[in-house]
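Trainee: Chain by chain, the residues:
Protein chains: 2
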Amino acid sequence: MTPEAREETVLEAVQRRRELVNDAIDADLPIGDPERLYEASRYLLEAGGKRLRPAILLLTAEALLDVPLLGEDYREFPTLVEGEPPIDLMKAAVSVEVIQSFTLIHDDIMDQDEMRRGVQSVHVEYDPETAILAGDTLYSKAFEIMIAAGAPSARSMDALDTLASTCTRICEGQSLDLEFETRPTVGTDEYLDMVDRKTAVLYAASASIPAILLGADEHTRNALEEYGHAVGKAFQIHDDILDLIVSSDDLGKQRGSDLVEGKQTIVTHHAREQGVDVDGLITGDDPDAVSQEAIDEAVAVLEEAGSIDYGRTLAREYVEEGKEYLQVLPDNDARARLEQVADYLIERGY
Amino acid sequence: MTPEAREETVLEAVQRRRELVNDAIDADLPIGDPERLYEASRYLLEAGGKRLRPAILLLTAEALLDVPLLGEDYREFPTLVEGEPPIDLMKAAVSVEVIQSFTLIHDDIMDQDEMRRGVQSVHVEYDPETAILAGDTLYSKAFEIMIAAGAPSARSMDALDTLASTCTRICEGQSLDLEFETRPTVGTDEYLDMVDRKTAVLYAASASIPAILLGADEHTRNALEEYGHAVGKAFQIHDDILDLIVSSDDLGKQRGSDLVEGKQTIVTHHAREQGVDVDGLITGDDPDAVSQEAIDEAVAVLEEAGSIDYGRTLAREYVEEGKEYLQVLPDNDARARLEQVADYLIERGY
Numbered sequence: 003m004t005p006e007a008r009e010e011t012v013l014e015a016v017q018r019r020r021e022l023v024n025d026a027i028d029a030d031l032p033i034g035d036p037e038r039l040y041e042a043s044r045y046l047l048e049a050g051g052k053r054l055r056p057a058i059l060l061l062t063a064e065a066l067l068d069v070p071l072l073g074e075d076y077r078e079f080p081t082l083v084e085g086e087p088p089i090d091l092m093k094a095a096v097s098v099e100v101i102q103s104f105t106l107i108h109d110d111i112m113d114q115d116e117m118r119r120g121v122q123s124v125h126v127e128y129d130p131e132t133a134i135l136a137g138d139t140l141y142s143k144a145f146e147i148m149i150a151a152g153a154p155s156a157r158s159m160d161a162l163d164t165l166a167s168t169c170t171r172i173c174e175g176q177s178l179d180l181e182f183e184t185r186p187t188v189g190t191d192e193y194l195d196m197v198d199r200k201t202a203v204l205y206a207a208s209a210s211i212p213a214i215l216l217g218a219d220e221h222t223r224n225a226l227e228e229y230g231h232a233v234g235k236a237f238q239i240h241d242d243i244l245d246l247i248v249s250s251d252d253l254g255k256q257r258g259s260d261l262v263e264g265k266q267t268i269v270t271h272h273a274r275e276q277g278v279d280v281d282g283l284i285t286g287d288d289p290d291a292v293s294q295e296a297i298d299e300a301v302a303v304l305e306e307a308g309s310i311d312y313g314r315t316l317a318r319e320y321v322e323e324g325k326e327y328l329q330v331l332p333d334n335d336a337r338a339r340l341e342q343v344a345d346y347l348i349e350r351g352y
Numbered sequence: 003m004t005p006e007a008r009e010e011t012v013l014e015a016v017q018r019r020r021e022l023v024n025d026a027i028d029a030d031l032p033i034g035d036p037e038r039l040y041e042a043s044r045y046l047l048e049a050g051g052k053r054l055r056p057a058i059l060l061l062t063a064e065a066l067l068d069v070p071l072l073g074e075d076y077r078e079f080p081t082l083v084e085g086e087p088p089i090d091l092m093k094a095a096v097s098v099e100v101i102q103s104f105t106l107i108h109d110d111i112m113d114q115d116e117m118r119r120g121v122q123s124v125h126v127e128y129d130p131e132t133a134i135l136a137g138d139t140l141y142s143k144a145f146e147i148m149i150a151a152g153a154p155s156a157r158s159m160d161a162l163d164t165l166a167s168t169c170t171r172i173c174e175g176q177s178l179d180l181e182f183e184t185r186p187t188v189g190t191d192e193y194l195d196m197v198d199r200k201t202a203v204l205y206a207a208s209a210s211i212p213a214i215l216l217g218a219d220e221h222t223r224n225a226l227e228e229y230g231h232a233v234g235k236a237f238q239i240h241d242d243i244l245d246l247i248v249s250s251d252d253l254g255k256q257r258g259s260d261l262v263e264g265k266q267t268i269v270t271h272h273a274r275e276q277g278v279d280v281d282g283l284i285t286g287d288d289p290d291a292v293s294q295e296a297i298d299e300a301v302a303v304l305e306e307a308g309s310i311d312y313g314r315t316l317a318r319e320y321v322e323e324g325k326e327y328l329q330v331l332p333d334n335d336a337r338a339r340l341e342q343v344a345d346y347l348i349e350r351g352y
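Chains as they are written, first to last, in the working numbering: chain A, 3 to 352; chain B, 3 to 352.
Simulated from the structure, these hints should not be mistaken for laboratory data.
Pairs count within a copy or across copies, as identical chains cannot be separated in the list.
Subject to a maximum C-alpha distance of 25 angstroms in a straight line, what follows is the list of computed SDA-like cross-link-like pairs (lysine to any residue):
#1 Lys265 - Glu41
#2 Lys265 - Val126
#3 Lys255 - Pro130
#4 Lys265 - Arg38
#5 Lys265 - Pro130
Work out the full structure: start from the sequences and follow the hints.
Mentor: Right, here's the structure in full:
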């Protein structure tokens, strides 16, 4: 399958689930009181997002159960255990997206990023206080929603434990990311460990939670977790590359912002090893004050050093590794989509 | 019993549990990686705190089980269900204290309060980014620790659901508190609703979670929840009064800061109804720039208007209401301590 054909197939699979996920977010995260708090909590969720993590969660469940694509109602999804009542799998999908949204809101405050998904960040659109609280509200709501999925309690507990430890890892990863900005260099292993915690763990949770909730065996669950770790790292590496090469309009935020903020990425790490003076590539620390030409020039230097290609190759390796783990699933359409989603994560243009 | 004698008894009961709770925090919230994040997460917990909520949780469990004070190992605490293995009740106590600490860290950022428990707030001692992340880390850790209490999974789920919805209510309450600062007046019912969500729900959780975990019936659980709602509101009303009348040294933060920040309290509400120009009492909005004399004068006006007495009376009424709910418990020493803790909440000097 060509990348273009694959993109079309994946996008269709992701988009059809996205519509269902968006409806579910509306239903499972209603506007409560005080209204402004709930509006702020939903603001970024409503601004867009591909819903890749929920798509992975739902596709994994379909692959595990070996049913046709969209062949079961996500709201009354059968488990793998005979005689058990169905569960509201969609709530689990909403839960991971709500966690993702909470982390974006708090990260944007910490990173002072003013744009996200083509709209103002929550702390700009509202205010920092409301943004902190909106994130905190989503945090507890994600747990409430996961509980309401209604899986048998021992497995629900297991899923909640996974969700909680995932959140802890995400905080650790973001903390490392901030710390790295203050350091002259960061090793490849350190960077990949940071990316694993900051980004990949939520992919790992998205792929392993359906296995937990449906009652899959531990081997299957672990393999799916590894799939998530691998493709999640690939996703973040690709994201770092996109920040360099995609227009601000398509990104929904300022191009080159990572470079301006001094974020450590696998690309800048490689460039440093090639002797590039990465810190001298861009002067000033206000993303808005840096010209497109200055960013073009900096990117050209990174391209020249082979650093962007290095990142692309590494991301591809992780995707291939991730796909291997999917062999644990029955050979069906949903598994094929999960393989294609893995490819799409590093082929997407924004 | 005189208030002084009661204070001594309560403090002894609280302090003996506090030492155990502090040891448990050390054990259940170890310094992880990155160290700085975990140090920041523990900073406020280590700075002090009376551990009132854990004390209520532990005493409630002892009262329910009808055992002598400190008669059972909190780490292997029997449940009410015959033949069930013991649970790690202490972890539940640590969990509610960790939630309390997370809310204080985030509230101090939002309220720009620079002191807490006699030390600098986390966002001042570290930085706002680290403080946001420290709070977020404690948030998920609280769930991990509650899960590790090891109660039978259906009841664990119930406790987690209570913890999650409690956190949601706390966010709503804090949001209302911030919103009230921008409004000229706030009704008594609105204020009490805000206080219930912001403060009392965590007392309610502290009293009802042991009932859930130990397997008490729903009537008992609901009554204990009501105890928490009532004494929690009394606690907050008393806290608002302490902010006015206790020296900054004893408070561990600037006296009169609520007045300066324009916080709505039951005291200012009453004063407004008596025709006091509350907003004119203090000019300027920097707590450090307001003299002790100016605060003394403002407090004298509130005293004169009967507003402080009004608050005291209301708090007392809630305490008496709360104590009534304790009749659901067996008549034993632990129940007597819970009654005394309720009195202490509005008699404490800081």
